[in-house]
Amino acid sequence: MFFGTIIYALFNTAILAITALGFNLTFGISGIANFSYGAMYILAAYVSWMLVHLLGLPFWLSVFVSIAITMVLGALIYRFVLLRVRGQVLSEVIATFGIGLGTLELFQYLGFVGFEYTLPVFIDDSFMIGDTVVDWQRLLITIVAGMLVAGLWVFTHHTRLGLAFRGIAQDESTALTLGIDSDLMGMLSVSMGCGLAALASLLIIPLGSISPSEGYDVLIKALAVCIIGGLGSTGGLIVASFIVGFAERFTDAYVGSQWTMIVSLAAILIVLVVKPSGLFGRQKELAERI
Amino acid sequence: MRKGSFRFSLIVMVMAVCLLCAGRARAADPIVIGAPTSLGLIEGKEALKAVEMAVDEINAKGGVNVGGQKRPLQVSSSDIRDGAPGVPVPEALLGIEKIILEKKPVALLIGPFRSEALIAGMDLLSKYKTPLIGSIAMSPASEKKVTEEPDKYKYVFRDCLNGVYLVKYLSGTMDALHKEFGFTKVYVMHQDVAWARGTADLVKKLYFDKAGWEVVEQEAYPTGASDFSSGLMKARSKGAQVIMPIFDMPQGGVLVKQWKSMRVPAIMAGFISPLAGTDAWKTFDGKIGGAINCNFELGSAIASDKVPQSVAFYNKYKEKFGHEVEAGHGPAAAYESVFILAEAIERAGSLDPDAVTAQLKKTDRMGTMGRIRFDEGNQVVYGLDPKETAVGAVFQWTEDGKRRIIFPESLAEGKVLLPAGLKSQK
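The listed protein sequences derive, respectively, from chains Y and D.
For the record, in the first sequence the residue sitting at position 162 is 207 according to this note's numbering, with numbers rising by one throughout.
For the record, in the second sequence the residue sitting at position 23 is 776 according to this note's numbering, with numbers rising by one throughout.
Please note that a few of the clues may not be correct.
[To be verified] Here are a few chain D residues that face chain Y, going by a calculated C-beta distance under 7 Å:
(1) D945
(2) V969
(3) Q971
(4) E972
(5) G977
(6) K1059
(7) Q1062
[Said to hold, decoys possible] Quick look at which bits of chain D chain Y covers, simulated, 3 or more residues with Cβ under 8 Å:
(8) 792-801
(9) 984-994
(10) 1002-1009
(11) 1026-1033
(12) 1036-1050
[Said to hold, decoys possible] Straight line, CA to CA, 25 Å or less: simulated DMTMM-like cross-link-like pairs of lysine to aspartate or glutamate:
(13) D/K1176 with Y/D170
(14) D/K907 with D/D954
(15) D/K1071 with D/D1038
(16) D/K938 with Y/D170
These are computed hints drawn from the structure, not numbers from a lab.
Ideal placement from N, C-alpha and C gives every residue a C-beta, glycine not left out.
Hey, can you work out the whole structure from these sequences and the hints?
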């Protein structure tokens, strides 16, 4: 039981990390807290479901198409909504939250609720580690989460676009003087964040089912991980994923499932009280951004 | 004089024609039935379709005879969303009040999903003297209120299975597993809502504790939860032979899929709404073989040749809507509720709520779920013999994707088959 809980806590860590990666990336680069993140996560899953069930596309193809659609939508949200309120933090939050709320409620209104909204797993098999059964889908999520973290590090440190991202993140005014288009970078950061939300969704949702209410949970979890780790900090995100991931699974196993969601919320509260900028965030940076 | 007389006759004739037309218009006035429920969930969606189907059938025969005048039925539905996570009870009550005030229905059918909303809404139904034949919410607390204050709450009826009867069906299933295989260790997993909590507690108190079972753990999951891996690991590590799930959320089906993929050596037997209909096999990639599920009313997603009305309803629904009934709770009861109401109106000979309510109480008909009669708490009596009472049906998914009724014995089509890895204790 204990060993099994450790294994599933590791999987949960990977799930949380991959869930929060997009939100963290967008905030880290452009300082935009994209509160429509959960809705984009759910939208990608519904788009994939529709492509598979209504248009008959193979699942793997629907994955690429739905990620592309979500990325385009992210770019459009930036271009037509966020650009107009850029720099006004409260307006950015309200605007993105409104878009998210509207999207999720639209799916609810259109009747996209029910057990039939599921996606297939990529690898439909399982194996034993000791006396614990492990399914390949969870292992795949863990591998992809690791690759994404490593890939994003390489991208932001060794590519022209990634360096431009970091330039904007470090000092937008100076970056502008060097010819880096901050609006373009902002649009790309929101778009890439949405794309990562879509990827996370298409990997994680096959373990469960698609439901509009899941969008709110995803947003809360992404926020929990990012706030605990320190908004915009990738290292912090990984550490926070471990903390929340293990705390959730151990609460689930040894306290009770109904307390699991409270763990994330309690962790946010404690971190905000003890170290408001998060474990790896800087107080000054936080004070400036929020 | 003649000219004046002619004009007078003409006016009288025109007035007579107008009055005749008005009379005809009144005769054709439909009887409005309200259907406030959670239309976003499959039980609500299909229950509404079943109501519409019954209304069409009655209207095709000329409508309902109200004191010698045939009047058609008309359904007015509204989505009160109380089954969705996070929707507060007052919002659902507002939806119910709105439909009562705006549509002035003679009665409400289907009703709220959550018992919390039904119980809170009983005062509203009493205030507006609007009868309700509920087909979804299950807490027996509403019957208690009817029994304690019959004059005030007499308008509230229920024709679906309630929590107490579900407890009896689940206990009966557990008892069958105990007698057949000698199982005595159970892991209970339920949704963290009033009816599921109450059902789990009652099965423990009224059956498991008395029959010498060991409940290795009872775990509550918030509505919307979709990761059951920790619970399933606990079931395995604590040596549970039976897992009893009680869930009506769409994510409940994921539990069975995870149970199968984690190869937990325990039989899954309880209630998970997404497992009820034939679509479940495809939706869950065939990973539900061996699971036992209780469909609350015969006709709701499963029919039996032993009750021809259930087969007729099942087939008519499929023919009309192009797919089978998928919800194991609601549709059959909602379908019957229209006939129960129509018959009560005909017996009452008026739409007066008190007269209709008095006649509803006298209902005794053979329908989709078997024999339908109300008890003193205005709850349809459920039992094990469809000739005497209404019945539910407990079935097992076979490994080749078929469903076989295993309980009650009066409907049983075969014995329980154990999943791989689980051995009989006898």
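Are any of the numbered hints broken by this structure? If so, which, sorted upward?
As far as the earlier hints go, 2, 3, 6, 7, 14 and 16 are violated by this structure, in ascending order.
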